[in-house]
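Peer 1: So the sequence lines, in the order shown, correspond to chains W and B.
Read in order, the letters of the first sequence correspond to residues 1 to 485 in my numbering.
Read in order, the letters of the second sequence correspond to residues 1 to 464 in my numbering.
To be clear, the hints were calculated from the coordinates, so they are not data collected in a lab.
Careful: at least some of the hints might be erroneous.
[Claimed, not checked] Each computed DSSO-like pair below joins lysine-lysine, with the alpha-carbon atoms no more than 30 Å apart:
{"no.": "1", "chain 1": "W", "residue 1": "13", "chain 2": "B", "residue 2": "156"}
{"no.": "2", "chain 1": "B", "residue 1": "90", "chain 2": "W", "residue 2": "136"}
{"no.": "3", "chain 1": "W", "residue 1": "279", "chain 2": "B", "residue 2": "156"}
{"no.": "4", "chain 1": "B", "residue 1": "311", "chain 2": "B", "residue 2": "280"}
[As the list claims (entries may be wrong)] If you only want the chain W side, here are some residues facing chain B, beta carbon under 7 Å, derived:
{"no.": "5", "residue": "31"}
{"no.": "6", "residue": "35"}
{"no.": "7", "residue": "86"}
{"no.": "8", "residue": "268"}
{"no.": "9", "residue": "355"}
[Said to hold, decoys possible] From the derived model, a few chain W residues whose C-beta atoms are all more than 12 Å from chain B:
{"no.": "10", "residue": "3"}
{"no.": "11", "residue": "155"}
{"no.": "12", "residue": "227"}
{"no.": "13", "residue": "419"}
These numbers come from a predicted model, not from an experiment.
We treat Cβ as the ideally placed atom computed from N, Cα and C, and that holds for glycine.
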Amino acid sequence: MLQIANWALDMAKARGATYADVRVMDIRQRELSTKNGEVGTCAESESLGIGIRVIANGAWGFASTDQLTKEGVQACAARAVAIAKASALAKTHGVELVPEDVHVDSWQNPYIKDPFRIALERQLALLKAADDEMRKVKGVTLTETGMVFRRIEQFFASSAGSRIHQVKMQSGAGMVAFSFANNELQKRSYPSSFGGQHALEGYELVERMDLVGHARRVGEEAVALHSAAQCPEGARTIILDSSQLALQVHESVGHPIELDRVLGMEANMAGTSFLTLDKLRKLRYASEMVNVVADARLEHGPGLGTFGYDDEGVPAQCTPIITAGLFTGYLTSRDTAAMIGEKHSGGTVRGESWNRLPMIRMTNISLLPGTWSLEDLLADTDDGIYMETNRSWSIDDKRYHFQFSTEIGWEIKGGKKVRMLKNPSYSGITTEFWNSCDAICSRDHWTLWGTPNCGKGQPMQSMGTGHGASPARFRNVKVGVAFSS
Amino acid sequence: MRQATSRKRVQGPPAVAEAHLPSFAELRRIAERVLKLSEADETEVTMDAVADALTRFANNTIHQHVAEQTLTISVRTVFDGSTARAATNKTDEESLRRVVAAASRLARSQPKYPGLLPMPGTQKHAKVQRWFEATAAATPQDRARAVARIVQRTAKEKQTAAGTYSTGATRSLLTNSKGLAASYEQTRAEFSITVMEEHSSGWAKASGADIRTLDPDALAAQAAQKAVASRAPRELAPGRYTVILEPAAALDIVGFLFYDFAGTAVLDQRSCLTKRLGKKIFGENITLWDDVTHPQQLGAPFDGEGMPRQKVLLVDRGVPRNLVYARGTAKKMKAKPTGHGLPLPNEWGEAPMNLVLEGGNSSLDEMVRRSERGILVTRLWYIREVDPYEKIMTGMTRDGTFLVENGRIVGGIRNLRFNQSILELLANVEMLGPAVRASGEEAMDMVIPAMKVRDFHFTEVTKF
Numbered sequence: 001m002l003q004i005a006n007w008a009l010d011m012a013k014a015r016g017a018t019y020a021d022v023r024v025m026d027i028r029q030r031e032l033s034t035k036n037g038e039v040g041t042c043a044e045s046e047s048l049g050i051g052i053r054v055i056a057n058g059a060w061g062f063a064s065t066d067q068l069t070k071e072g073v074q075a076c077a078a079r080a081v082a083i084a085k086a087s088a089l090a091k092t093h094g095v096e097l098v099p100e101d102v103h104v105d106s107w108q109n110p111y112i113k114d115p116f117r118i119a120l121e122r123q124l125a126l127l128k129a130a131d132d133e134m135r136k137v138k139g140v141t142l143t144e145t146g147m148v149f150r151r152i153e154q155f156f157a158s159s160a161g162s163r164i165h166q167v168k169m170q171s172g173a174g175m176v177a178f179s180f181a182n183n184e185l186q187k188r189s190y191p192s193s194f195g196g197q198h199a200l201e202g203y204e205l206v207e208r209m210d211l212v213g214h215a216r217r218v219g220e221e222a223v224a225l226h227s228a229a230q231c232p233e234g235a236r237t238i239i240l241d242s243s244q245l246a247l248q249v250h251e252s253v254g255h256p257i258e259l260d261r262v263l264g265m266e267a268n269m270a271g272t273s274f275l276t277l278d279k280l281r282k283l284r285y286a287s288e289m290v291n292v293v294a295d296a297r298l299e300h301g302p303g304l305g306t307f308g309y310d311d312e313g314v315p316a317q318c319t320p321i322i323t324a325g326l327f328t329g330y331l332t333s334r335d336t337a338a339m340i341g342e343k344h345s346g347g348t349v350r351g352e353s354w355n356r357l358p359m360i361r362m363t364n365i366s367l368l369p370g371t372w373s374l375e376d377l378l379a380d381t382d383d384g385i386y387m388e389t390n391r392s393w394s395i396d397d398k399r400y401h402f403q404f405s406t407e408i409g410w411e412i413k414g415g416k417k418v419r420m421l422k423n424p425s426y427s428g429i430t431t432e433f434w435n436s437c438d439a440i441c442s443r444d445h446w447t448l449w450g451t452p453n454c455g456k457g458q459p460m461q462s463m464g465t466g467h468g469a470s471p472a473r474f475r476n477v478k479v480g481v482a483f484s485s
Numbered sequence: 001m002r003q004a005t006s007r008k009r010v011q012g013p014p015a016v017a018e019a020h021l022p023s024f025a026e027l028r029r030i031a032e033r034v035l036k037l038s039e040a041d042e043t044e045v046t047m048d049a050v051a052d053a054l055t056r057f058a059n060n061t062i063h064q065h066v067a068e069q070t071l072t073i074s075v076r077t078v079f080d081g082s083t084a085r086a087a088t089n090k091t092d093e094e095s096l097r098r099v100v101a102a103a104s105r106l107a108r109s110q111p112k113y114p115g116l117l118p119m120p121g122t123q124k125h126a127k128v129q130r131w132f133e134a135t136a137a138a139t140p141q142d143r144a145r146a147v148a149r150i151v152q153r154t155a156k157e158k159q160t161a162a163g164t165y166s167t168g169a170t171r172s173l174l175t176n177s178k179g180l181a182a183s184y185e186q187t188r189a190e191f192s193i194t195v196m197e198e199h200s201s202g203w204a205k206a207s208g209a210d211i212r213t214l215d216p217d218a219l220a221a222q223a224a225q226k227a228v229a230s231r232a233p234r235e236l237a238p239g240r241y242t243v244i245l246e247p248a249a250a251l252d253i254v255g256f257l258f259y260d261f262a263g264t265a266v267l268d269q270r271s272c273l274t275k276r277l278g279k280k281i282f283g284e285n286i287t288l289w290d291d292v293t294h295p296q297q298l299g300a301p302f303d304g305e306g307m308p309r310q311k312v313l314l315v316d317r318g319v320p321r322n323l324v325y326a327r328g329t330a331k332k333m334k335a336k337p338t339g340h341g342l343p344l345p346n347e348w349g350e351a352p353m354n355l356v357l358e359g360g361n362s363s364l365d366e367m368v369r370r371s372e373r374g375i376l377v378t379r380l381w382y383i384r385e386v387d388p389y390e391k392i393m394t395g396m397t398r399d400g401t402f403l404v405e406n407g408r409i410v411g412g413i414r415n416l417r418f419n420q421s422i423l424e425l426l427a428n429v430e431m432l433g434p435a436v437r438a439s440g441e442e443a444m445d446m447v448i449p450a451m452k453v454r455d456f457h458f459t460e461v462t463k464f
């Protein structure tokens, strides 16, 4: 990989690049799924290539190729420089980068069991057992299970001298039961929806989930939802489970703090952000008990946003985003940090693969735990709704107005869950919502969730992000609008 | 813009600007090597060679500018009724041997694949011409010059532009050990622009196989005009309104129906058409096809198994009549395969990929003129499914939302959230424009008209 990188860096420099960095990535993936007890997807893939990013004439250029011969790599590097020079045709200012130390290092996330060394038969047998168990419930009409494993080996080299080798092993699994009856389709997922739970771990993550042990309940709840009362409409107290709250953090904190969005770089597609520069260290984002960090360090946990160095060669770090309710930080890169006068990058730049330009991506954007036990929080709630497991999500292009629905809800009366509710939904304005938070559960209830498919950029890139959260309570939230007539 | 590409052609450009896209002969040679290496009962090889480039601009400057070149070799093997797939992007002998071995190992490690049919033999595919040298030959300089010209104009008007200008080429080959060989090549160009003022914005986008059919300057002017027209947006109370959906807005919500027309979706009872086939659930003016040969469509005329894609009448004057079927699904549902199968093995079955909603004769101006009160929508955003059977979707308006009163546009309004059933929407269409190729963000490009719809359900309003 070093030789390939050097071919690229040498050619970029020879063609006039004032800065260049390259990523050689070797990605291996296994994907398995079942549907109604039968194998659905059974596939493996590998992809090896190089992405070359350069600054020439004060503008960015990027080119990638999977032709890793000396000629192929050099042609790609020359192309990146030619692209940068073309970019300079429409340039209002030259690119500036905040300084970064030279790093020569190697990093790998710890894991216990290599998922690619676990027999395929064993993995399929586990999925099938969970699938079969869900289908034992009368009224379940469709079941799906899945596992995804990814090994990403990458070598970063920059014209400044950094040489960083990293290996990330990622695992994920989940299941879902559907029930169609009375012209209504209900579903329940475990451990979360849209693919389950994903983390920078080995197969031990899947084994800890106990898919089979949870399968019967998942099926039963999917069927029971048909008989449940409709979630009411109006202003209510709600408690969100940790997986739904993780997505709330992702959409209403994680995206708006991306500095490239704030600076208008994503305006055409993903949108901009209400968190304009004047709001830094001034906006009361949330109530005082709310603390959110962007933490890519391993000590935060094995999240999908955990790494040793980002794709600009900047070490993983922890940035306070919301501190006692106050908005305190953005996600930054070397060029965007320079634009707002910061001295260092926050180290949040990643690319989906070797053929994608690295850009600001969420690391692990986590709501730090509070002090409540879930039992005490429920007991302390006279009249509310507990909502679990995301079913749909939508937010406007400045990240003000959101609407979420969850798979299941529970009416809380007098401190107890009294009955199941179907089709729960809630909506609101981001800062009003976060300022209505009055209780957050403790670390005992805290989970670092993985979102494996966050989309951003043009061409679109899918990225894994991490979000830690424990259940939390919010007052006076609008519920039920999604199903209003 | 078209001047730049024609200039390039005169100079005798390579087949694909500054990138090597393997020829069909090269792809065939790789496929033959793979087939020879396989000891499976049956083997299928799919190859996709891609050379794409994209110029991205924001704040009136090019800030990202990329190019990629990839070749994916995907191998499916069958052993005694079991099948699996492995893919690589390496073409050396050892890598090809490894990908065949991986596909074989995976297939042998699992139970029989339910309802697996023998691979199809030779097929006859429709001929479509979707390769345009002008698109393939477009250079970074061509795209950058067009962007430079546009952003200079927006800056002069004290507006801010952001967008993309992309060009690319794809060459694909699908072949199997039964003698099937299907090939396809396509170029694609796309221009998208958002023009912003302090409290307003406008957007326009177009795509096609031939770059010469795109007019970035006109699209930029259209977006700029919308930004001007929506200045100082007023807040409108949520509720049910007549809406005029421009084609991209109609596409992004109606396009969410596509998988509901899959035979597998109905079989799995997750389609909103479950128990509704043959019933008149849409308006008389709604007729929907899937038609890969439509002149404004893109895409290969064969499916993931190499079967010819057929033209299918999905909705006939308000009545959902037909579904699309992969071979395996067709057998299960006692129907005929339509050539819409996804690459095997998969749990999804099939999907229509080339939707064409028949249009009418009303212009957008006419829809506005004939509206006492309503909302004109340029673009919808972040659309997600709230209720899969009633097909209630939620999402936001964006980049040009206007109040229409007494037959004219009276100004911009703050963006609104909707919670709207697509079934209800397609039953409430009052006027249709001519069907055009539309490009949005949430659904696949399709051919669809602008539409005027009564009682569209807006539930909340945002702050801008």
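Peer 1: Against the structure, test the hints numbered earlier, and report the numbers of the ones violated in rising order.
Peer 2: As far as the earlier hints go, 1, 2 and 5 are violated by this structure, in ascending order.
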